[in-house]
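Just need the whole structure built from these sequences, with the hints factored in.
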Amino acid sequence: MIFLILLKAFLITLWVVFIGLLFLGIGRKITARIQKRYGPPFYQQFIDVIKLLAKESIWHHWIMILGAIMALGGLIATALHVPIAGILPYDSNGPIFLVLYLSAIGYLGMAMGVSASGNPNAPLGIGRALTLMLGYEIPFAAVLIIFMGLTKSSYFLQIAQSQAGGILHWNFIRYPLAFIGAEIAVQAMMAEKPFDQMIAPAEIASGPLVEWPGKFLGLGMIQMGVSVFIETAIITNLFLGPSHNILDFTLKQFGIYFIALCINAVMPRFKIENAAIYLWTIPLGLGLLQMLITFVL
Amino acid sequence: MITFGTIVILGILISLIIWLFFRENKVISWILFILYTGFSFVLLLRLYGQWQYYEAFKSIIYLGNIKIKFTLQNNMLGWIFAILIFGISFFNGLFSLGFSKSKYSKNIVPLWTLILSASILILFAKDFILFFVGWEYLTWPVFFIVNQGKKKFYSDSMYYFALNVLGGMALMLGIWLVFKNTQTLDIKTSISILLSHKASIHTFWLLIPFFIAFLVKSAAYPFHVWAPRAHSSAPADFSPFISGIMIKFGIFGILLFIYPLLSKGFIPGTYHGVPTTAYFLSWLGIITSIVATVLAFSENNMKRLMAYSSVANVGYILTAIFLTTPLGIEGGIFHTINHMIFKVIIFITLAAVYFRTGTADMSKLGGIAYKMPITFMTFLIGIIAAAGIFPMNGFTSKWIIFQAILEKHFYLMAVAMFFASTGAFLYLYRALHSIFLGQIKPEHRDSVKEVPFLMQIPMWIGMILIISIGVFPGLVLKPLIPFFNSIGLPAKYILTSLSKLPGSFGQLNTLNAAIIFGFAAVLVTILFFVVAKHHKKPFMDNYTAGEDPKDWGVDENRYQFAYGFYQPFEKKFLPFFKRSVDMFWQYFGFYTKHLGEWFNNIFKDDNNFGYIAIIGIVIIFIFGGFVL
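The listed protein sequences derive, respectively, from chains A and B. Numbering of the first sequence is given in our numbering, commencing with residue 1 and proceeding in unit increments. Numbering of the second sequence is given in our numbering, commencing with residue 1001 and proceeding in unit increments.
Calculated from the structure, these hints are not laboratory results. Not one of these hints is a red herring.
Here are the simulated DSS-like pairs of lysine-lysine, each with C-alpha atoms no more than 25 Å apart in a straight line:
#  : chain 1 : residue 1 : chain 2 : residue 2
1  : B       : Lys1571   : A       : Lys271
2  : B       : Lys1492   : A       : Lys152
3  : B       : Lys1537   : A       : Lys51
4  : A       : Lys271    : B       : Lys1572
5  : A       : Lys55     : B       : Lys1536
6  : B       : Lys1500   : A       : Lys8
7  : B       : Lys1572   : A       : Lys193
8  : B       : Lys1571   : A       : Lys193
9  : B       : Lys1533   : A       : Lys51
10 : B       : Lys1536   : A       : Lys51
11 : B       : Lys1536   : B       : Lys1449
12 : A       : Lys55     : B       : Lys1533
Next comes the structure, spelled out in structure tokens:
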């Protein structure tokens, strides 16, 4: 019994990492094409991860290692609780609160790891990331609570199954305001523009990952892939109907990621406090408006 | 065997013995304290299940024409509080025994034992008189401990004192009102008599003094101002007690007296099946947690920061309890217990840091984790629990609280609670980074080392408890089933196995989730150690765009980012929050003091006008009494 659960968990983990890295690779290619570059091949991300993992790395303290392990481990555990076309390692049905609070352990691990690296630019990035997190979690929670209230359950699986019966029953058509709000929140969650100040991909000397060399960065890249997977999977479960098979599910996930990429490619950047305030006004406002329309009117 | 009487009398005796003979000897005092708490713990443990057990005073006291027989009645709620109080104090005593060797230690044992014996009176009192005696008897010694007899703590401890005396007076007024309405001082009887009266809006005024008394004690908004100040001026090893235990007496009072009245419709009016008053108080809990969370962002003193965290958690508990549903009560009590455990542990680690460094300013610390790994691990697990993240106990109770809110379909409340809950993550990480991680200061590099094993014992026990309750919430919830049955918790919300969290919108198998979490952690650990090698470098050997920080004259002291951590956020929000309530209490204090001085001046004047005036007023009253 427990062996079966672990075997399933292992296979799902492989799939999650594979799809996450594939998305990141395709994403690089698409961004390049939007900017009229040729871009790296779509499998470049796999090459990068393998190269980084094979590199000899420096570390400052075991807390740094603990942080890196917690970061990736926490996110993988989260991914194993998000239903992928209804598939889960055990019959958890995708408990929403667990997913929200388990993903936090991944972010905490990363924050701890970079703090233990002793570079002051790293916690600066974390401080921004957490401020942004306070920004996007609230509208996202509002959207989640709408669907929890509608289905009287706190499970992703139930929300996905409640949309059965053709595209007109899918939540993004029935609850468009919530969908837009959640999309903006997910844009911030993935740290894509206009919310990318915290990860600061263009500025090498700041941002959380400044002091993560070699295999730490490799783990960080896998973690990024897993987090993209989780975020797109959550939106897919919430808005894009029940999926019949994994391929269907993955295509929907890619659709969500594609939207995020296109916005990312053409947007400038928010200052972090302005980003938080923007997230508390527009997406939260949309979410609350949807809540009002759904439950009161 | 007389249990309650023994604990109370023994507490007073030990307090007296220590005060008379061992005032100078901290080690013997603490050993006596540990023996006392351990002995009481064992005595109390045997009372589980004997809910009919009571101890009555032999003599009967007449109050006017009412006769009172003081009785201490065993009850489930009081028992669970008592067992936790004595258990936690036992381990806190072990820590303090080690702490007593430092120059920061004060001999607070005589007062602390008094507080513990007072807690028995509060928890098991059958009538309001004993309850009130215990309540006051708890308030005063804490003031002397918090004050430490030092002038610099005067104004901070005055916040505690003034507000809690206000609460005590409110409680007395409330008891008098209840007595006037019911002609009895027995708590249970008075509740049933009050409920038999016809509910009207006037009954609301009867409860106001009780609200003030209990909300002050539990440091809810707008009375929260005393909590951070009392924590920061209290001795480091006493702060766990304030946060972990003392503020919970307010919660206990609410559960004991206010909840039975509100849930039975004592005050007319309901909103979605919840009494309207309770609904607003539920929002008060949310406001408490949001205000405390936002105030904690800018806090630089680690004890004040964690005090704000306690206030925020009290907010969650109040929200859950004032839903007045059985599930809300379950969540509230469970979170109270969990918060007791993890907050005591967090404050113990802070005391350990203070023990070695002598400072509570986070900007003066940094990198302590590299020298105190056990303390760091304990703190880490404590804050993970405090942030409500999964494998720790904080998550399990937050889960039930969320389910209780959703059960009533208060969706906006759930969103607001999410804000506070996510905000907790911000200030907790800030504490983790500023105290324990980053660059270690040069002055701490050689002097700081791990605390002795004796002081580590509570940390180990705490870590084990936090994780095991997180994975097996049934360890706490199962023994409480008789209590939940008595408040009418539906069978579907009662735990069927050790690891199944109940909920209105779905259940959670915590054991399976923990297995998945462990699997992921093991998998990544294996991945990390099978791939390329890694070697260790000193902290200052950092990537700084290829330059050496030392070339710019930057040392470890200045290479740490700790001050003004969330500055962009603070700039936007804090002036608004910081001013309102604090200013109100400051003005309140200012005018009260002036009023006092005015009265004082009457007596100070040389012309004796004051005496004549007062005597005149008294005479008028006396004659007035005859005439009317």
